[in-house]
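Chain P is fixed; fit chains W, Z, C, Y and F onto it per the hints.
Residue numbers (full-length UniProt numbering), protein chains in the order written: chain P, 1 to 249; chain W, 1 to 249; chain Z, 1 to 249; chain C, 1 to 249; chain Y, 1 to 249; chain F, 1 to 249.
Calculated from the structure, these hints are not laboratory results.
Note that the structure is predicted; figures quoted are calculated from it, not measured.
Copies of the same chain look alike in the list, so a pair counts if it fits in one copy or across any two.
Each computed DSBU-like pair below joins lysine-lysine, with the alpha-carbon atoms no more than 30 Å apart:
#1 K235 to K22
#2 K80 to K56
#3 K147 to K54
#4 K56 to K22
#5 K80 to K54
#6 K148 to K22
#7 K235 to K105
#8 K148 to K56
Number of protein chains: 6
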Amino acid sequence: MRVDGRTNDQLRPITIERGWSKQAEGSALISFGNTRVLCTASFTNGVPRWMSGKGKGWVTAEYSMLPRSTNSRMDRESVKGKIGGRTHEISRLIGRSLRAVVDMKALGENTLVLDCDVLQADGGTRTAAITGAYVALADALEWGRAKKFISAKAQPLIDSVSAVSVGIIGGVPMLDLAYTEDVRADTDMNVVVTGRGLFVEVQGTAEAAPFDRTELNSLLDLALSGAVSLTGFQKSALAEAAPASVQGR
Amino acid sequence: MRVDGRTNDQLRPITIERGWSKQAEGSALISFGNTRVLCTASFTNGVPRWMSGKGKGWVTAEYSMLPRSTNSRMDRESVKGKIGGRTHEISRLIGRSLRAVVDMKALGENTLVLDCDVLQADGGTRTAAITGAYVALADALEWGRAKKFISAKAQPLIDSVSAVSVGIIGGVPMLDLAYTEDVRADTDMNVVVTGRGLFVEVQGTAEAAPFDRTELNSLLDLALSGAVSLTGFQKSALAEAAPASVQGR
Amino acid sequence: MRVDGRTNDQLRPITIERGWSKQAEGSALISFGNTRVLCTASFTNGVPRWMSGKGKGWVTAEYSMLPRSTNSRMDRESVKGKIGGRTHEISRLIGRSLRAVVDMKALGENTLVLDCDVLQADGGTRTAAITGAYVALADALEWGRAKKFISAKAQPLIDSVSAVSVGIIGGVPMLDLAYTEDVRADTDMNVVVTGRGLFVEVQGTAEAAPFDRTELNSLLDLALSGAVSLTGFQKSALAEAAPASVQGR
Amino acid sequence: MRVDGRTNDQLRPITIERGWSKQAEGSALISFGNTRVLCTASFTNGVPRWMSGKGKGWVTAEYSMLPRSTNSRMDRESVKGKIGGRTHEISRLIGRSLRAVVDMKALGENTLVLDCDVLQADGGTRTAAITGAYVALADALEWGRAKKFISAKAQPLIDSVSAVSVGIIGGVPMLDLAYTEDVRADTDMNVVVTGRGLFVEVQGTAEAAPFDRTELNSLLDLALSGAVSLTGFQKSALAEAAPASVQGR
Amino acid sequence: MRVDGRTNDQLRPITIERGWSKQAEGSALISFGNTRVLCTASFTNGVPRWMSGKGKGWVTAEYSMLPRSTNSRMDRESVKGKIGGRTHEISRLIGRSLRAVVDMKALGENTLVLDCDVLQADGGTRTAAITGAYVALADALEWGRAKKFISAKAQPLIDSVSAVSVGIIGGVPMLDLAYTEDVRADTDMNVVVTGRGLFVEVQGTAEAAPFDRTELNSLLDLALSGAVSLTGFQKSALAEAAPASVQGR
Amino acid sequence: MRVDGRTNDQLRPITIERGWSKQAEGSALISFGNTRVLCTASFTNGVPRWMSGKGKGWVTAEYSMLPRSTNSRMDRESVKGKIGGRTHEISRLIGRSLRAVVDMKALGENTLVLDCDVLQADGGTRTAAITGAYVALADALEWGRAKKFISAKAQPLIDSVSAVSVGIIGGVPMLDLAYTEDVRADTDMNVVVTGRGLFVEVQGTAEAAPFDRTELNSLLDLALSGAVSLTGFQKSALAEAAPASVQGR
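The following block holds chain P by itself, in its conformation from the complex (with noise of 0.2 Å):
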C-alpha cells in the first residue's frame, strides 16, 4: 500500500477547473492530488517574423513554479536573472507535447503560448502541467474560432494529449508519483501519451539503479493505463459548456 492509501496502479485525485482565469482565452487550474497547476493559454492573431507567410501557426510553451510552491522555499528564477536547466527542459518538454497534437496548417497564422505556473508542487509537476495545457489549449483554439482566426472547416486539434510520470520504488511499479515517492524511485519515466493511446514522448531515467527490458515495459503498460484515465478527465471537463471568457470577450 502507498502512502496515501493508493493502489500501485491508482493515480491521485485528479480535478480540472476549467476557465480559472477571466483574463486568458483558455484555461485550466489542474490538481494531482496536491500538485496545482494554473494553466493558460494565450491566443494571439499572427506568427513571429521569422514564420510568417508560410500558412502556418506555432505553438510554445513555459514552466515555472512559484518560489513557495515547494517545501521550502526556492529563489525566483528573475531574481536570480537566469533560467536554470529545469525549467528550460519542462518547458520544452510541453511545447513539444502540444506541438504534436496540432495542425499546423489548420491552425494557420496564429500564436499559442501555453504559461504552466506551479502553484503548489507534490510531484508530477511537468506531468499535470501537460494534461491541464491541453484542456486551456482547446478552449483557445475554440475562442480563436468564435473569432474568426481559424476558419469555421479547420481542424486544427488531431487528437487530445496528457502525461504521468511511472515509477520503480523499491522493486515495484508504481504510477503517478508524489513527491516523497518521486525521491525514493529507481527509475523514473514521464510518458506523454495521445487520446488514441500513442506515444508522444518517453522519457526514461535511472539515476539510482539502470532497468532492463521488463521493468520498462511494465512503466509503459502502467503508463498507458493511466493515460486512458486522464484522457477521460479531460473529456469531462471539455463537455461542460464553454467559460464565458472563452465564448465571446
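What follows is chains W, Z, C, Y and F alone, placed relative to chain P:
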C-alpha cells in the same frame, strides 16, 4: 455610478482564503474584485549573515505577476533575465509596509519572506498584496511561536496593516480603483494604513494633472475609510481556526 | 539647532551651475549642500518606434550614483550586471516628475533623456536630481526650438518643477535632510511640487514609526515652503544668458 | 540505402583519440562520422561545500558547441549572456548518464567535471559526447588512483556507458542518424545503455508523428545493438597503454 | 597648425583639481582640454580573501563614461546589463599602470580601488584617467599612512606614472589627440610612462595603416616629452597642502 | 638554454592544419608548441544593417578558451553569464589585426567572422590565434571569390599578418614565450606584424618592472625576426591545394 455599480467610497468584493497553500508557514489567496493575489509567508529560523548576532529578525517581500494575469500576455521577467522597475518598486513597498508593523527585536533572529504572486490582475494588485501578505505574515508568526522559534511572551506584531488605492477620475475622488478606472485617473494614490489608522506609506502620483491640498485631503479621507473595512476583513479571516499547515506540520 | 547650524525650515546652500556640460543640449550641476548631481538633458528629434505617428513627444530619466559618491564605496551596477531596486525607483520618479510639466503634444515627436548622475551624495540626491533636471530640460527645449525641432509657437513647458525632502526627527519636522539626518528620521517624505504650488508626487514612508494626519500636514507645509525657494533658484539660473552649447552648436 | 551508403543498422565510422589533451586528467576526441567532440575529464580532490563530509563524490558535465561547429554559424552563448534550453538539457543528460555508472561512495570526496565541446557537428553530438566522456572519465579515475586520491581497493566504475541515436525515417527504423537524417525523422530517440545492456536513459520524441509500441520496440532493438558496438570501441581505446598525462604528471 | 591652435608636440591645457570629492580618501578632477575625468581612490584596510595572509596589498581600477559625456548619448552599461569590451580593456590598463608604481609589500594588506568616471569626453580619456588616478592614489596612500594602516617607514610608491596619447595624422606625429584628431589618425598610440621615464605600457594600434619602425620611434619621442610635462603637473598638484578629507576625517 | 631547449630567438614548433573544419568556409588548427587554437572563418554575404549600402565589408573576431584548455579548469563564460575582460580584449585585438590587412571596399558587402577557440593553452594563445586566423581568412576569401560574392578582379587581401609574443626574463629578451616563461617575465609584449614587416599592433606591458628604450628595441627586433618565420609557415600552408570545403561545397 461606477462601471461595476459601486459608489465612489465603496470597495470591490473582498475575499481572503487563508491557508490556501499547504506548503507555506502562512498564506492567503486574496481577491479585490477580479484582482487575485496569492500571498505566502516563508518562515526561516536564522537571519542573513550580515544581520546575525544582533538579536533582530528580518522581513522582506517579492512581488511578481504571472505572464497571463493581465489582459494581454507579458513576457516573463525570468526569461528577459532582469526584473523591471515596477516589480522592484512594488516588492520594496510591500517589504517596508510589513516591516512597519513588526517589532524586529521581538521577532528574534528569524526571517520572513513574503511572496506575492498576482494570479489575475484588475487594478490594485499592490494594495491587495499588502493586505493579503499581512494575513500570511500573522499566520507564519504563529507557526514560529508554535515551533518555539519565537518566545512565548514576545509580541512581534505591533499592529495590523492594509492598503488601498484611491484616485481622482473626472474630478471625482474614488476608492479602490479597478483597472479601467486606474488608466483614466488624473491622480492615483496608494495608501498603506495600520489597524490603528496611522499612515505607513502615502504615495500620490499625478502624471496627468498635478493636484492641490484639497484633493489630497479628500483622497486621504477615502483611503482611511477603506482601510477600516480592510482591517475588518483581515480580523475576520484571522478569527477563524488556524489552518492545519499553520498549527503543526 | 541642526548639525550644520540650519533652522528646521531652512534649505542647505543651493547652487546650480547651468550649462556645465559642453556636450549636452542642456545641463546643470546642482548642489544641495554636499550633495552634487550632474544633470544632462539629451534632445533627439524623433521618438521610439512604438510612439511614432502620434504627434507626441517623450521624456524619460535615468539616475545613477558614482561608486564613490558615498562614504564607503558601492559596487557599480554595470559590474554587477543589474540595476538595483532603488535606482529603478528613483529613475522612474524623476521621469514622472518631469513629464508632469511637459505638454507632449507641444513637444512634438521629440525625445528628451535626462541623466542624473550623483557625483557626491549627502542625502536628498533624488530631490536635487529633479530640481537640477528641470533646468537642464528647460535649456534642451530651448535648444530644440533654436534648431526648429519645436515650432516657434509651441509651449511644451507648462510649469516648472522642483523637489525637496522633509522628515520627522525626534518628533520635529525638518526640511531638506542631510544624510546623517535622513538615517535618524522616523518618517521621510519626498515631495515634488510645481512652480504654481501643486503636488506632482507625495511619497511619505514610515519605516521607523507610522505617522498621523497632523504630522503629515506639517511635513507638507514645510515641503511647500522649500519648493518656493527652489523655484526661485531655478528661475535665477534660467534668467542668465543661455550657455553657448544651448544657443547654437 | 542511406545517404552515406550505410545499412539501417550500421553505425558511422567511430574513432576515439584517447588522451588528446595534455592538460586534462582524462580526455578523448571522439568522432561519429563527421561529428567530432572533445571530451575532457577534470579531477579535483574534494567536493563542493554543500556535499562535504558525506564521504561521497560528485560527477557533473557541461556540453557546448563551438559557434562554427555547425553549417551556419551560431552566436556564442557566452556572448548572448545566457545558456539555451538545449545546452542545459544535454549537459544534464550527460551528467546523469555518467553518474549512473559511478559508485559515489567508492569515488570518495572527489569531483569530476566532464566537458564535452563539439568541434564539428553532424548529428548525434550528445550521444558521441556521452560515449567519449566515459573514456575520459575512466582515465581520470585511473589518474586519481595513481595520485592516491582514490584508494587502491575502491571500484568507483560499476559499469561502462555509451549512447546512440535511433529514429524512424519514412517508416524505417535507422541507427545513428546523421544531421540530414535527423531533420527528416518522424521519431527520434536517444538511448543511453550500460556495458551490461541495461538502460540508463530512454528519450523518445515524436514531434512529427506519434509512435506506437511496435515502433518503440524496434527502435530499442536497434539502439541496444549499436550500444554493443560502441562498448567495443570504448574497450579497445582503454585497452591501449594510458597516455602520459593520465599516468603521472 | 592643429584645430585648436596647438603645435604638434603640445599638450592641451591640463588642470588637476585635487581633493574634489569630500567622500573619497583621495581624488582628482583632471582635465586634458575638454576631457574631464573624476578619479577617486578608495582605501580599504584588508585585501580580498584569496590574497589574505601574504602580507601584500592590492590595487585595481574601474573606468566608465557617463552616458552623456559624449557628443551623442550612449546607453548605460548598467542598463544594458553588461560591460563592453572597451570599458573592460581600459579598466584593466589603468589598474596595471598604477600597480607598476606600487610596492605591494610596502602597501601591506590594504586595498585601493581607483574609479575613473569620464564626465566629459573629447579624446584621451584613458590617458587622463591614468594621470589623474595617480594623484588620487598618492593622496589615498597618505591617508592610509595618517590612519596607521601603512607603517611610517613604508614607501609603497616607487615612482609616479602618467599617460598620453600620440598619433600620426596625415603623416605627421602629434601629441595628446583631441577627439576629432583621434578619428582621423592612421596610427594611435597610448603610452604609459613613469616619472623616471621608463615605459609601463606601449599600446600602438594601426587600424588605418600599418606603421614602420621610424614612425614608432617618433611617436615614442613625442610621448616621452609629453610625459615629462604631465609629471610636472602631478608634482605641482601634490605639492600643495593636502585636502582636509585626505589629512584626517 | 630555455626549459624546452630552444634558443632565445627560436619559435616553438609551428604546425598549421589548414581546412581542419568541414563546416567553415576557411579554417586552420594551429599549434605553437602545446598551444593549439582552432580558427574558423565564417563568410556571410551581406553586412550588418548599420553598415549596409556603403559598399564595404566587415571583419570581426571572437576568442574563447575551452574550460579545460588550461592546467586547472576554468569556469565557462557562458555559465557565468558574462565575458571577462581578458576575452574581450583579445577578441578585439584579433579583429583589429585582421582588419588591418583587408581592403573593405574590395571585400564588398560581405562579412567575415573569425572564431578562435583555444583547445589547449600553453602561452601565446592570442598570437597563435592571429596567425591561424589569417590562414582561415585567406581561404574564406577564396571561397567567396569561387561563389562570386567577391568579384574576380578584387584584391581584398592587401598583406598577410601574423603575431608573436616576446618578453624579458631575468634580463634576457626571448621569443615566443611558453606559459611557464610568461609568468616569470618582467615585461611581456605582443607584436602583430604584416608580411611586409610593418607593425599593426605593439602591446608592451610591464607589470613587474618598467622597461627602457633599449629593452623595447631588442624586443621589437626579436618580434620582427619571429614574424618573418611565421609568415613563411603561413605561405607554405596556403601554397598547398585548397581543401574541398574551400573550393566548392
